[in-house]
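If you read the sequences in order, they're chains A and B. Residues 1 to 503 (our numbering) make up the first sequence, in order. Residues 1 to 503 (our numbering) make up the second sequence, in order.
Think of the hints as simulated: they come from the structure by calculation, not from any bench. A few of these clues could be false.
Heads up, the list lumps identical chains together, so a pair's fine if it works in one copy or across two of them.
As the list claims (entries may be wrong) - With a straight-line Cα cutoff of 30 Å, these simulated DSSO-like cross-link-like pairs (lysine-lysine) come out:
hint: 1; residue 1: Lys290; residue 2: Lys109
hint: 2; residue 1: Lys315; residue 2: Lys109
hint: 3; residue 1: Lys275; residue 2: Lys7
hint: 4; residue 1: Lys304; residue 2: Lys492
hint: 5; residue 1: Lys304; residue 2: Lys109
hint: 6; residue 1: Lys109; residue 2: Lys492
hint: 7; residue 1: Lys19; residue 2: Lys492
hint: 8; residue 1: Lys304; residue 2: Lys315
hint: 9; residue 1: Lys492; residue 2: Lys275
hint: 10; residue 1: Lys7; residue 2: Lys19
hint: 11; residue 1: Lys480; residue 2: Lys19
2 protein chains.
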Amino acid sequence: MADAVQKWGMFEAAFAGPKGGNPFVDVTLDVDFTFGARSAPAPGFYDGDGVYRVRFMPDTEGDWTFRTRSNVPALDGLTGAFRCGPPGEGNHGPVRVRDRVHFAHADGKPFFPFGTTCYAWTHQPLAMQRETLATMRASGFNKLRMAVFPKHYVFNENEPLHDVYERRDDGELDFDRPNVAAFRHFETQVAALRDIGVEADVIVFHPYDRWGYCDMLPDQDDRYVRYLVARLGAHRNVWWSLANEYDFLIDVKPIERWDRFFHIIEENDPARHLKSIHNGEETMNFDHRKPWVDHVCIQNWNVKRTADWRREWGKPIVNDECEYEGDISLAWGNLTAAELTHRFWVTVTRGGYAGHGECYAHPQDLLWWAKGGVLRGESWRRIAFLRSIVEEDVARGLTPAPPDEWPWQRVSCASEGDYRLIYFGEHQPALWAAGLPADDRTVDVDVIDAWAMTVAPARRVPCPIYPRLRQRGGAWTEPKPAAAFAVALDPKPYQAIRIRPAR
Amino acid sequence: MADAVQKWGMFEAAFAGPKGGNPFVDVTLDVDFTFGARSAPAPGFYDGDGVYRVRFMPDTEGDWTFRTRSNVPALDGLTGAFRCGPPGEGNHGPVRVRDRVHFAHADGKPFFPFGTTCYAWTHQPLAMQRETLATMRASGFNKLRMAVFPKHYVFNENEPLHDVYERRDDGELDFDRPNVAAFRHFETQVAALRDIGVEADVIVFHPYDRWGYCDMLPDQDDRYVRYLVARLGAHRNVWWSLANEYDFLIDVKPIERWDRFFHIIEENDPARHLKSIHNGEETMNFDHRKPWVDHVCIQNWNVKRTADWRREWGKPIVNDECEYEGDISLAWGNLTAAELTHRFWVTVTRGGYAGHGECYAHPQDLLWWAKGGVLRGESWRRIAFLRSIVEEDVARGLTPAPPDEWPWQRVSCASEGDYRLIYFGEHQPALWAAGLPADDRTVDVDVIDAWAMTVAPARRVPCPIYPRLRQRGGAWTEPKPAAAFAVALDPKPYQAIRIRPAR
Chain A
1 MADAVQKWGM FEAAFAGPKG GNPFVDVTLD VDFTFGARSA PAPGFYDGDG VYRVRFMPDT
61 EGDWTFRTRS NVPALDGLTG AFRCGPPGEG NHGPVRVRDR VHFAHADGKP FFPFGTTCYA
121 WTHQPLAMQR ETLATMRASG FNKLRMAVFP KHYVFNENEP LHDVYERRDD GELDFDRPNV
181 AAFRHFETQV AALRDIGVEA DVIVFHPYDR WGYCDMLPDQ DDRYVRYLVA RLGAHRNVWW
241 SLANEYDFLI DVKPIERWDR FFHIIEENDP ARHLKSIHNG EETMNFDHRK PWVDHVCIQN
301 WNVKRTADWR REWGKPIVND ECEYEGDISL AWGNLTAAEL THRFWVTVTR GGYAGHGECY
361 AHPQDLLWWA KGGVLRGESW RRIAFLRSIV EEDVARGLTP APPDEWPWQR VSCASEGDYR
421 LIYFGEHQPA LWAAGLPADD RTVDVDVIDA WAMTVAPARR VPCPIYPRLR QRGGAWTEPK
481 PAAAFAVALD PKPYQAIRIR PAR
Chain B
1 MADAVQKWGM FEAAFAGPKG GNPFVDVTLD VDFTFGARSA PAPGFYDGDG VYRVRFMPDT
61 EGDWTFRTRS NVPALDGLTG AFRCGPPGEG NHGPVRVRDR VHFAHADGKP FFPFGTTCYA
121 WTHQPLAMQR ETLATMRASG FNKLRMAVFP KHYVFNENEP LHDVYERRDD GELDFDRPNV
181 AAFRHFETQV AALRDIGVEA DVIVFHPYDR WGYCDMLPDQ DDRYVRYLVA RLGAHRNVWW
241 SLANEYDFLI DVKPIERWDR FFHIIEENDP ARHLKSIHNG EETMNFDHRK PWVDHVCIQN
301 WNVKRTADWR REWGKPIVND ECEYEGDISL AWGNLTAAEL THRFWVTVTR GGYAGHGECY
361 AHPQDLLWWA KGGVLRGESW RRIAFLRSIV EEDVARGLTP APPDEWPWQR VSCASEGDYR
421 LIYFGEHQPA LWAAGLPADD RTVDVDVIDA WAMTVAPARR VPCPIYPRLR QRGGAWTEPK
481 PAAAFAVALD PKPYQAIRIR PAR
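The whole structure should be built from the sequences, with the hints applied where relevant.
Okay, here's the thing in structure tokens:
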């Protein structure tokens, strides 16, 4: 038995089965994968033309076997085996939550999400999809939000490359028959992202619809979720984003339906990919404390609240819509590049992760945020710079300074051990001491310009000694320096101080 | 009987009385002012050297009489009369709350607070005080936060011009004997501000102390408040700010004490000047719903919440510390000028009022925020520009667009009748339609650059027609233009659109 698949790679088996009736609905197929005494059930799926498949992402090296279960004799009790070998280069396994509020790949490599958004990129012409992949490769983004269903919205009026369901003879979509070509294409693009190191944050439902995908029947929704998970769950770079703006669908899919979708994924995803759900209105957060929500995906412009959210929810915070860079007439899509860069820095230095989007008006409506293509803005390279800053030193994840402690409500600060980033944003101190270390010999200190993307050794100056001051309760401060030294800065916005152990 | 005093001017009478013992404590003096059947009691006060005074701000033209009450026979039952004439030029009377969330002078002239802060300016050398008044006159600010007590704090280590209490033979302050010279000087400067059209937002208590003013006994605090009100209450431009950062004094002055101070002012201020109280920590707002709080004075950087606060408290919002322009190492005092200007615009276009402060480090510690002198920053002239924009058109006050309605969470908008200001701030639409009118013939529309201080007629372009979009609940939008026209803008931050009836 040769190595058939690498660890966290995708094993796939195909079986011949019935073509008649509606195999998508009529035929059940589940496959139990076994490693020693351990068994992991995975869902099979119908791939058209009488072909049934099962996919599985093995997480342990060695010999696996499997056995099918089906309501169709021809598909029941089939067995097979494969050997799982070591992961290949660049394969670090799926991303998990680690340390409660951060992420890491299964092999322990930290994952700091610096994502962007091209909701409908897989529904655009293929040349544009190639362009999107090339842009992604060069951009520095490591996560992409993308929807299974096509998008009907402002600047999004073109027909999709594929219908997601087959059309009946009368031309209507048949929501009982997935279009396997559409899913194959979607999988191809998820795999293409995997190959360039990008996590696919797969949006299962969204409200931007004119085809009827929003209004499928509950049974159809349930079967769709299971089918999607069966096809995609063995791709290691998949994240499940149950919705974009779930609350805009709340009348047709109330909360208990969303819970059910989470459960269907849990039941059918032995790889246990990350699951989250994204809100529309600022006040309509899902109850992210539910145990089936792995991390908090939100839309919120008020990024200085990031550390509060982290404390409230106790899960990783990914603010995938802290508004987008652009110039369109819709207020979520017309931030200056400086402001979106700033919001990334604030989010990261308050212990969270942010998402990018870009919405510059275009004569052919080719906006990155929806269709991909090329980036026209200025924030993306600053975000890549921030990613490089974080990845250069952070081992597991940043912890924000307590947001209710002076002065960290006003400026942002996060640490990991002796490493610390203090970000000033709209503040422009000419001198700074708070949060600097007590010993000046053991640290390197740099000043970072988040906009100019420069790093320079800090100018150390004597720490000012402030007078004895009356405190609450009548106690007095001692007139001693707050740190071993202060840092002198040029008064301008968007600067940070980085402190790290001397090298 | 000649016109002795103008309406909302200050009538003053002096009486000879006992010098022995401690007249500040031993002698009571109250004076009943009478106009027809109406009687208004006002407190008298000891002014040293056996002289007792009473001051009164008449609010009705005609003949007033008064009669004293005292526990000292020489001061009891004294009577007098004066005629109150019409107000002089520039005298619009004290500022009151109007329309629940706005302000107006007693004669109906609207008052839109555009204030600044020089906490300890009356305690600096006289030449600097003259400089402060000259700067105020030229600045465009119409309110000044200023403390009765001197200030001990970072950059504030000099001794005050006057002790606020007399010193005993042992050199210690005698908190039973106000220093009348200090109060006279303070009154002189309040009157000087009145004469240049500036409201004095008088801070009664604050925690920045090394002399012991914070730690007077409760009886001494109560007598101090009454004394201050007796001396200053007839100055029409006085506002009572019970504290700066009251919560930093909460251990020595718990909530019931602050309520008591409000009540002492109510009991002794027939002119009923505005009363408020300012918090330190963001989460430590006083309960501004209490009926003795006239308006909400807060410290909070999160200015996009202004309309929420207005709705929650139901009173005028004056955010007197949305952080200050400057470059010092303290994070409340190092905003860029652009950011403070921006926060003023956001506050005003969300129905509130903001306060300015300036904290540029100076070799002699001459920071405007504490000592006055000269302004060195860049926001003050933009704030004056904003004031001119508001005063040019607004009759009574701006009402914010509902903060939970699209898109007014993200960009800011406030109206008065057919007048509307839409402020984009960090947003940079190249095209805008939301909130524009349905009829393009009846309005003037301008684009304002809040930073460059320019106003130019808007470039009107056809309003885009967005596609039919699925709404919550399955309804669909109609594909019709949102307004009669859209406005084309250069994508850059800090712009506003002004709409007003055609002239």
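A quick look at each hint next to the structure:
In this assembly of identical chains, Lys290 and Lys109 lie within 30 Å of each other by CA distance solely inside one copy; the values are 27 Å within and 56 Å between copies. For the homomeric pair Lys315 and Lys109, the shortest alpha-carbon distance inside one copy (19 Å) is at most 30 Å, but the shortest distance between copies (53 Å) is not. For the homomeric pair Lys275 and Lys7, the shortest alpha-carbon distance inside one copy (22 Å) is at most 30 Å, but the shortest distance between copies (70 Å) is not. Taking CA atoms no more than 30 Å apart as the test, Lys304 paired with Lys492 passes in both settings, with 20 Å inside one copy and 23 Å between copies.
Taking CA atoms no more than 30 Å apart as the test, Lys304 paired with Lys109 passes inside one copy only; the shortest distance there is 28 Å, against 39 Å between copies. Within a single copy, Lys109 and Lys492 get their C-alpha atoms no closer than 36 Å, and across copies no closer than 40 Å, so neither meets the 30 Å cut-off. Within a single copy, Lys19 and Lys492 get their C-alpha atoms no closer than 68 Å, and across copies no closer than 59 Å, so neither meets the 30 Å cut-off. For the homomeric pair Lys304 and Lys315, the shortest alpha-carbon distances inside one copy (17 Å) and between copies (26 Å) are both at most 30 Å.
For the homomeric pair Lys492 and Lys275, neither the shortest alpha-carbon distance inside one copy (40 Å) nor that between copies (37 Å) is at most 30 Å. In this homomeric assembly, Lys7 and Lys19 never come within 30 Å of each other (Cα to Cα): the closest approach is 33 Å inside a single copy and 97 Å across copies. With identical chains, the CA atoms of Lys480 and Lys19 are never at most 30 Å apart, being 82 Å at best within one copy and 48 Å at best between copies.
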